[in-house]
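Assemble chain F onto chain C, guided by the hints.
Residue-level listing of the chains:
2 protein chains.
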Amino acid sequence: MSGDARASWNDGAAKNAIVEFLTESASESSPRFIPVVDRIAAFDNDGTLWVEQPMPVQAGFIFQKLAQHVAANPSLAEQEPYKYIVNRDEAFLGRVAKQDPEAVEMFLMGVGEAWEGATHEEYEAEVKKFLASNHHERFGRPFTSLVYRPMLELIDFLKEKGWRVYVCSGGGRDFMRAISEDTWGLFKENVIGSAPEFEHRDGKFVRKSEMRGRVALGPGKLEQIFARTGRVASFAAGNGDVDIEMLDSAEFALVIVHDDDEREYASTSGAEKVLAAAKRGGWTLVSMKNDWKTVFK
Amino acid sequence: MSGDARASWNDGAAKNAIVEFLTESASESSPRFIPVVDRIAAFDNDGTLWVEQPMPVQAGFIFQKLAQHVAANPSLAEQEPYKYIVNRDEAFLGRVAKQDPEAVEMFLMGVGEAWEGATHEEYEAEVKKFLASNHHERFGRPFTSLVYRPMLELIDFLKEKGWRVYVCSGGGRDFMRAISEDTWGLFKENVIGSAPEFEHRDGKFVRKSEMRGRVALGPGKLEQIFARTGRVASFAAGNGDVDIEMLDSAEFALVIVHDDDEREYASTSGAEKVLAAAKRGGWTLVSMKNDWKTVFK
Chain C
1 MSGDARASWN DGAAKNAIVE FLTESASESS PRFIPVVDRI AAFDNDGTLW VEQPMPVQAG
61 FIFQKLAQHV AANPSLAEQE PYKYIVNRDE AFLGRVAKQD PEAVEMFLMG VGEAWEGATH
121 EEYEAEVKKF LASNHHERFG RPFTSLVYRP MLELIDFLKE KGWRVYVCSG GGRDFMRAIS
181 EDTWGLFKEN VIGSAPEFEH RDGKFVRKSE MRGRVALGPG KLEQIFARTG RVASFAAGNG
241 DVDIEMLDSA EFALVIVHDD DEREYASTSG AEKVLAAAKR GGWTLVSMKN DWKTVFK
Chain F
1 MSGDARASWN DGAAKNAIVE FLTESASESS PRFIPVVDRI AAFDNDGTLW VEQPMPVQAG
61 FIFQKLAQHV AANPSLAEQE PYKYIVNRDE AFLGRVAKQD PEAVEMFLMG VGEAWEGATH
121 EEYEAEVKKF LASNHHERFG RPFTSLVYRP MLELIDFLKE KGWRVYVCSG GGRDFMRAIS
181 EDTWGLFKEN VIGSAPEFEH RDGKFVRKSE MRGRVALGPG KLEQIFARTG RVASFAAGNG
241 DVDIEMLDSA EFALVIVHDD DEREYASTSG AEKVLAAAKR GGWTLVSMKN DWKTVFK
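Those protein sequence lines, which keep their order, are chains C and F. At position 222 of the first sequence the residue is numbered 222 (the numbering used here), and the sequence of numbers has no breaks. At position 194 of the second sequence the residue is numbered 194 (the numbering used here), and the sequence of numbers has no breaks.
It is possible that some hints are incorrect.
A pair holds if it fits inside one copy or across any two, identical chains being indistinguishable in the list.
With a straight-line Cα cutoff of 27 Å, these simulated DSS-like cross-link-like pairs (lysine-lysine) come out [to be verified]:
hint, residue 1, residue 2
1, Lys161, Lys188
2, Lys289, Lys279
3, Lys159, Lys188
4, Lys279, Lys297
5, Lys204, Lys279
No wet-lab data here; the hints were simulated from the structure.
Bound-form chain C, shown alone (with noise of 0.2 Å):
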């Protein structure tokens, strides 16, 4: 990329892709050009800007959170989606560690239960917490600092270039929020993701159990991110099969291949859609193997 942001790439034909891309589109005369109000960009989080393996982070926070909840709400043990968060069933953390749809819907259902009534500041003091004091098991290092550091790069250059990056992912907004500015550099508001209603009561903003739009996955990551814009993005990039539509949208768009055993994870399960997808629609592939020298921050 420009300047320091060239350091974690190596020289191959993403970086070139995506160099010539933003190049070509700030210059009026190229016919790949894209006005300055277009000029959107869109990040999934997970597997994207993160580590997901072996489960997205926000899991293991609501995990935590759920077992509480019905620690102290024993009648809840037999429902949906609590039993199967107690029993640690296999099958449905499997979907929802895959992003399917439904089992992340029923998972928030449970999400917005457990934090039903708690203020905004309660809520982000969790969160921060809960990354303080957790490790990623394999890597052994907090989860802020298993941040791709070649995503970084290419969110500075995409600034640099007068595009508007936000970060829309099927996870949580607000647990997002907590970390954008110190990890991404990233305001507050260009974390898009699937978020409650709030309330605002005596001076604080409370959440409400029921969900502000629909999960931020599949055709609900375009409609959050045009409730938030008013557009779809121009620029995209993501890794997952719930990625594709807001891929397919873009005139650009990036898909990270988790191919890195050795520093990262060598995976392809719930991706297998979108890397179809990609091969079609002549998308930009990043080998994480050999497209990035450094992967972490």
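For chain F alone, coordinates are given in the frame of chain C:
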């Protein structure tokens, strides 16, 4: 204000207070310093950025649409809110004009139904056609030329000082987005307002009848700003009672006083409470008559 942005403001207490706050809030050594992340400004629209007399611009647009909708669906003529619209019920329309939350909510329910199933492109084309083919009854000019020049200058001044500027109105998000870039110089994503949910279907964003969150009036303004930005606005400008919560949550609150019957309107109807709150809170009052050299764009 600074440079050209000074042009339309007379010297006086209001201008001084604004310049002082925006200078001090950018200075780390000042007790009024506002960290960059918190530099969010929110402006009400009707009566704060453009003329809202004799009724909000969007109300005319909606009356027209609902009359067509009832003509196409005659059984609606006896139902709320259609019967009020068709019969031009003064009491109801007066409540809408004053942005009474209950009347606005009912009004928006009608709006939701009238445009249900319309694509975003269709809706935006209708807005643009309305604005291009209707003039203000008193001034005989297009509505978009009745935007207040001093407020546009203030928006530019805020941007210069590193503020992210949002418009937050009880009016329709997508109605305002149709004009935000050309008229205010603000990206669509900087517009916060009342909005329907959308569904992405067959490559189009299609309007649903239900709303996304509450109407952006009173506490609803705070909720919509929080959903968008994760914060409250540190700088807020408004002119009506429905702006009180937003103004009260800000470090600096500006209230436009409509006291200029000659160049615009003199009316405190619907602003009685905000003027009292301004007095109690030491908010900055802007006299349209005395503080503005030029009123319109």
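Which hint numbers doesn't this structure obey?
4
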